[in-house]
Amino acid sequence: MLTSIALELRRTARDTAFLIFGVALPVVMYLLFTNIGGGDGDGTGHDTSTMIGMAAYGALGAALANGTGVAEDRGRGWLRQLRITPLTPLQVVGARAVTGSLVVLPSIVAVLGAGFLVNGVRMPLLRALALVAVLWLGTLPFTLLGLGNGYRLSAQSTGMVNTAASMGLSIIGGLWFPLSAFPHWFGEVASWTPTNRFAQLGWDVAEGALPAVGAVAVLAGWFAVFGGYAASAYRKSTHTR
Amino acid sequence: MVELAGVAKHYGAVRAVRGIDLTIRRGESIALLGRNGAGKSTSIGILLGLLPPSEGRVRLFGGSPEAAVRSGRLGAMLQEGALITRVTVRELVAFVAGTYPRPLPVAETLELAGLTELAGRRADRLSGGQAQRLRFALAMAGGPELVVLDEPTAALDVEARREFWSAMRSYAARGNTVLFSTHYLEEADENADRIVVIDKGRKVADGTGEEIKRVVGGNVVAFDLGDRSSEGLELLPGVTSVEIRRGRAYLRSADSDATVLALAGRGDVRNLEVRVSRLEDAFVALTRAAREDREEAVV
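Read top to bottom, the protein sequences are chains G and D.
Per full-length UniProt numbering: the first sequence ends with 241, consecutive numbering throughout.
Per full-length UniProt numbering: the second sequence ends with 299, consecutive numbering throughout.
Watch out, some of these pointers could steer you wrong.
Unchecked claim - Restraint-style ranges between C-beta atoms, simulated for each label pair:
id: 1; chain 1: G; residue 1: Leu-19; chain 2: D; residue 2: Thr-23; range: 52 to 60 Å
id: 2; chain 1: G; residue 1: Val-132; chain 2: D; residue 2: Arg-174; range: 46 to 54 Å
id: 3; chain 1: G; residue 1: Ala-220; chain 2: D; residue 2: Ser-170; range: 53 to 61 Å
id: 4; chain 1: D; residue 1: Gly-63; chain 2: G; residue 2: Gly-94; range: 22 to 30 Å
id: 5; chain 1: D; residue 1: Gly-128; chain 2: G; residue 2: Ala-212; range: 53 to 61 Å
id: 6; chain 1: G; residue 1: Gln-91; chain 2: D; residue 2: Gln-79; range: 19 to 27 Å
These are computed hints drawn from the structure, not numbers from a lab.
Please read all numbers here as calculations on a predicted model, not as lab measurements.
Here a beta-carbon is modelled for each residue, glycine too, at the ideal position from N, C-alpha and C.
Between the sequences and the hints, there should be enough to build the whole structure, so can you do that?
In structure tokens, the structure reads:
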């Protein structure tokens, strides 16, 4: 299983689209949003909250893109090929899940790095590490959503669904623009989205607080929903091919 | 080491495989020969444990196909299946080898498959023949006791096909058991010790290439019939069967010399041609005989 993970990580690192859209784009958007649209890039609260929003957006995209990779491999018959190796189905899915949870790290680290180095965001080291940790753990539901799409849909539709999901969830979750910029009812809806609660983990920790119980509960709910979706999608895929 | 007993597979009303018995001994090279849609791929899918049989029993190394796969005694090259992106030839071979308990050394697999020069190339940037050899390399990378290849040379040109079979024969020569399917008769004849002919989901013949040719026997004598009657041709010396196609008669003969002399006596020598029976002819005759048997059985 470790060799499967190593193989998948190596493939991801060679994926130009992943490096551009998963890592570079969130950094560029972050720097644009904080330095052009009114912000002054001097390490203010806006710089920090946007930093977390964009790190979450990048991580979300990377987690879902892992699922697009699954759909592509499936379409090429690779998963069928793996079924005639001694690898168990659980090892194959497990390796993909672990990969999916690891490939989000570059996006998180890159955006946070831009925040600290370019925009002068400052916080205690331990808090910064805690921030990386919660953002990392918080992507698990999205990794499962990506896997579910990857096992359920064709490669083409997975790509489109995942792109739409990452942009849509980012906007209604308030990752791109603060929810205060939207009507009140929008915030009500947003508080039930996995993306908003995911970013909230980061916003809470950045302020030196523990993640809110509500945020953890909503995310745990989505974790269960997406986990069930991924499991059923995987089972269906083995029945067909 | 491989045993199929009465294996059948139905998809609703469609009966893809209608009861196949097959035993494969260690070290044999076996060709599964049949047209498209004869049931070869379905049989292979069942043998590999990818498809559950509707009826019958499959035993590999005395256990289930799944157990054989898990223990690393089986390697296979499926008919469909492209290679994944963003990995090199060597990485892919090493990865698959790493999933088996007793793999071949990677360099050895690459050498056998004729891929040593291409080891650093991206797997999705290979030519058709190279990609097919890589897929073969993946089937043998784990050092399995049995390798199953489903139509390994479909869509390859002559040169690529020749290179592929040379790689396959060097693997078989090491004492490995190989089962491959093909609809190219020459391939079956040249690369297998034994040929199993499958038609419409049934086994219609099982033997060496020589045996299969002998079943049909002899040469084919052909000539233009024009407007003359074909009556009595089947009574000429040596003739075992007569076929008329577009004004031309094709006589299968156990003694073509006697047949030709008799034809000359009748004056039937327009565009006369005698050719050695090819496996192709044997195949056509065998599958037709199998169909006629069944039709008679129904009547």
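Okay, Ala-220(G) versus Ser-170(D) on CB: inside 53 to 61 Å? holds, 57 Å
Can you let me know if the beta-carbon spacing of Leu-19(G) and Thr-23(D) is within 52 to 60 Å? holds, 54 Å
In this structure, is the beta-carbon distance linking Val-132(G) and Arg-174(D) contained in 46 to 54 Å? holds, 52 Å
At the C-beta level, are Gly-63(D) and Gly-94(G) separated by a distance inside 22 to 30 Å? holds, 25 Å
Tell me if the beta carbons of Gly-128(D) and Ala-212(G) are separated by a distance inside 53 to 61 Å. holds, 57 Å
Using the beta carbons of Gln-91(G) and Gln-79(D), state whether their distance is inside 19 to 27 Å or not. holds, 25 Å
Of the hints listed earlier, there is not a single one the structure fails to meet.
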